[in-house]
Amino acid sequence: MSDTALITGSTGGLGSCFVKIHAEKGGDLILVGTNQDKLAAQKKEAEEKYNVHAEYIVADLSDAKQVENVYNTCKEKGWTIDILINNAGFGGQGDFARERTMEQDMSMIAVNIEAPTRLCKLFLPDMIERGSGKVLNVSSTAAIMPGPLQAVYYATKSYVTSWSNSLWRELKGTGVTVTALMPGAMRTGFASTGGLSDTKLFANAVEPFDVALAGYNGMLKGELNVIAGLPGWQAPMMKLAPMFPKKMMLDFVYNPIFDSSRKVK
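Position one of the sequence shown corresponds to residue 353 (our numbering), numbered consecutively onward.
Note that these hints are calculated values from the structure, not bench results.
Note that the structure is predicted; figures quoted are calculated from it, not measured.
Be a bit skeptical, because a hint or two may be false.
[What the hints assert, rightly or not] Straight-line C-alpha distance at most 27 Å; calculated DSS-like pairs for lysine-lysine: (1) K573 with K599; (2) K427 with K390; (3) K377 with K401; (4) K417 with K429; (5) K390 with K429; (6) K573 with K372; (7) K372 with K401; (8) K599 with K377; (9) K417 with K401; (10) K473 with K401; (11) K427 with K377; (12) K524 with K473; (13) K429 with K396; (14) K417 with K377; (15) K599 with K524; (16) K417 with K395; (17) K395 with K427; (18) K396 with K473; (19) K390 with K401; (20) K473 with K599; (21) K372 with K429; (22) K417 with K390; (23) K372 with K390; (24) K395 with K429; (25) K377 with K396; (26) K401 with K429; (27) K473 with K429; (28) K524 with K573; (29) K429 with K377; (30) K473 with K417; (31) K372 with K395; (32) K390 with K377; (33) K372 with K396.
[Claimed, not checked] Distance ranges between label pairs, derived from CB positions: (34) P477 with S514: 42 to 48 Å; (35) M600 with P477: 41 to 47 Å; (36) Y606 with T432: 45 to 51 Å; (37) D603 with E420: 38 to 44 Å; (38) G378 with D412: 28 to 34 Å; (39) E428 with K524: 28 to 34 Å; (40) P498 with E397: 36 to 42 Å.
Note that beta-carbon positions come from the ideal geometry of N, C-alpha and C, so glycine has one too.
Produce the complete structure using the sequences and hints provided.
Right, dumping it as structure tokens:
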């Protein structure tokens, strides 16, 4: 396999865009997800449509042992990972103490934080030893502020961006780079899975392909952060957020997220 990209959450909206972009460039693929049938179909489509080599690994990334198995499988099979795209992740809304369950939030932390951290911990030493490699960690514009009613999700993305930026500096001069992609609201399965489809935040959601392309190209250039796909009010919000008093910002994020039928006091 050559110019191989390992993409977690490959069958999701943004993930499938990364698969298409990389395959169109002639790169081989390691597809990672939870649904074997979808992964098998994606592997077949990529090989037939783009004439590349694709493999897949079934893994629940909320399970640390299965995350480590992704790396171990690549080593056992002799698959060299040139590009690691940590795309898998999910969100969810609700009052932290009164509506969200322990399992929901611990699983979110495991997938959004622990899994990409473990994968980088495992794959980065090999990349450094070779003197080449690219990592793209999918974060979010949510990383720039706290998110009441999505408290854990916003916090996980703050971690991803901060951690990715630190790695970017630590890896300077090694031939390996880490880039954080910070999308706005997109039309993917993320909103429906997280119960956010009817919220105002996703009313003007954008298509994911251009976001994925911006992130992929930014990764190839070794950029620090790539901010892409900001719908409606999110673009000015990104610029103004640092200037607002924190309490005012918390009220702003809290109030407009839900539609008028949602009654959270």
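For each hint, the structure was consulted:
Under the criterion of a C-alpha separation no larger than 27 Å, the hint pairing K573 with K599 is inconsistent with the structure, at around 37 Å. Our distance criterion of 27 Å between C-alpha atoms is met by K427 and K390, whose separation comes to about 24 Å. Restraint check: the Cα-Cα separation between K377 and K401 comes to about 12 Å, which is no more than 27 Å; the hinted pair holds. For the given pair, K417 sits about 18 Å from K429 by alpha-carbon distance, which is consistent with the 27 Å threshold.
Under the criterion of a C-alpha separation no larger than 27 Å, the hint pairing K390 with K429 is consistent with the structure, at around 22 Å. Taking the CA atoms of K573 and K372, the gap is near 19 Å; set against the 27 Å cutoff, the hint holds. Of the pairs offered as hints, the one joining K372 and K401 holds, with about 10 Å between alpha carbons and a cut-off of 27 Å not exceeded. Proposed proximity of K599 and K377 is contradicted: the alpha carbons are some 46 Å apart, above 27 Å.
Restraint check: the Cα-Cα separation between K417 and K401 comes to about 33 Å, which exceeds 27 Å; the hinted pair is violated. In summary, the hint linking K473 to K401 is not supported, as the alpha carbons are separated by about 33 Å, beyond the 27 Å threshold. At roughly 24 Å between alpha-carbon atoms, K427 and K377 fall within 27 Å of each other, so this suggested pair holds. The suggested pairing of K524 with K473 holds, with an alpha-carbon distance near 16 Å, which does not exceed 27 Å.
For the hint pairing K429 with K396, the CA-to-CA distance comes to about 19 Å; that is within 27 Å, so the pair holds. Proximity of K417 to K377 is assessed by CA-CA distance (about 32 Å); at most 27 Å being required, the pair is judged violated. Only pairs whose Cα atoms come within 27 Å are accepted, and K599 paired with K524 is rejected, the gap being roughly 37 Å. At roughly 24 Å between alpha-carbon atoms, K417 and K395 fall within 27 Å of each other, so this suggested pair holds.
Distance hint between K395 and K427 is fulfilled; the C-alpha atoms sit about 20 Å from each other, no more than 27 Å. Simply put, K396 and K473 have alpha-carbon atoms about 30 Å apart, too far for the 27 Å limit, and the pair is violated. A C-alpha spacing of about 16 Å is found between K390 and K401, which places the hinted pair at or below 27 Å, so the restraint holds. Distance check on the hinted pair: K473 and K599 sit about 36 Å apart at the alpha-carbon level, beyond 27 Å; violated.
For the proposed pair K372 and K429, the alpha carbon gap of about 23 Å is at most 27 Å, so the pair holds. Restraint check for K417 and K390: satisfied, since their Cα atoms lie roughly 22 Å apart, inside the 27 Å limit. For the hint pairing K372 with K390, the CA-to-CA distance comes to about 15 Å; that is within 27 Å, so the pair holds. The suggested pairing of K395 with K429 holds, with an alpha-carbon distance near 17 Å, which does not exceed 27 Å.
The suggested pairing of K377 with K396 holds, with an alpha-carbon distance near 17 Å, which does not exceed 27 Å. Of the pairs offered as hints, the one joining K401 and K429 holds, with about 24 Å between alpha carbons and a cut-off of 27 Å not exceeded. Restraint check for K473 and K429: the C-alpha separation of about 19 Å stays at or below 27 Å, so the hint holds. Restraint check for K524 and K573: satisfied, since their Cα atoms lie roughly 13 Å apart, inside the 27 Å limit.
Taking the CA atoms of K429 and K377, the gap is near 23 Å; set against the 27 Å cutoff, the hint holds. Taking the CA atoms of K473 and K417, the gap is about 14 Å. The hint holds against a cut of 27 Å. Pair hint K372 plus K395 holds up; C-alpha atoms about 11 Å apart against a cutoff of 27 Å. Restraint check for K390 and K377: the C-alpha separation of about 22 Å stays at or below 27 Å, so the hint holds.
Pair hint K372 plus K396 holds up; C-alpha atoms about 13 Å apart against a cutoff of 27 Å. A C-beta distance of roughly 21 Å is found between P477 and S514, which places it outside the suggested range of 42 to 48 Å. For the hinted restraint 41 to 47 Å between M600 and P477, the CB-CB distance of approximately 44 Å keeps it satisfied. For the pair Y606 and T432, the supplied restraint of 45 to 51 Å holds, since their beta-carbon distance comes to about 46 Å.
As the Cβ distance of D603 to E420 is approximately 42 Å, the hint placing it in 38 to 44 Å holds. Separation of G378 from D412 is about 31 Å and conforms to the stated range, judged on CB atoms against 28 to 34 Å. Separation of E428 from K524 is about 32 Å and conforms to the stated range, judged on CB atoms against 28 to 34 Å. Our hint of 36 to 42 Å for P498 and E397 holds, since their Cβ atoms are close to 40 Å apart.
In terms of the numbered hints stated before, the structure departs from hints 1, 8, 9, 10, 14, 15, 18, 20 and 34, listed from lowest to highest.
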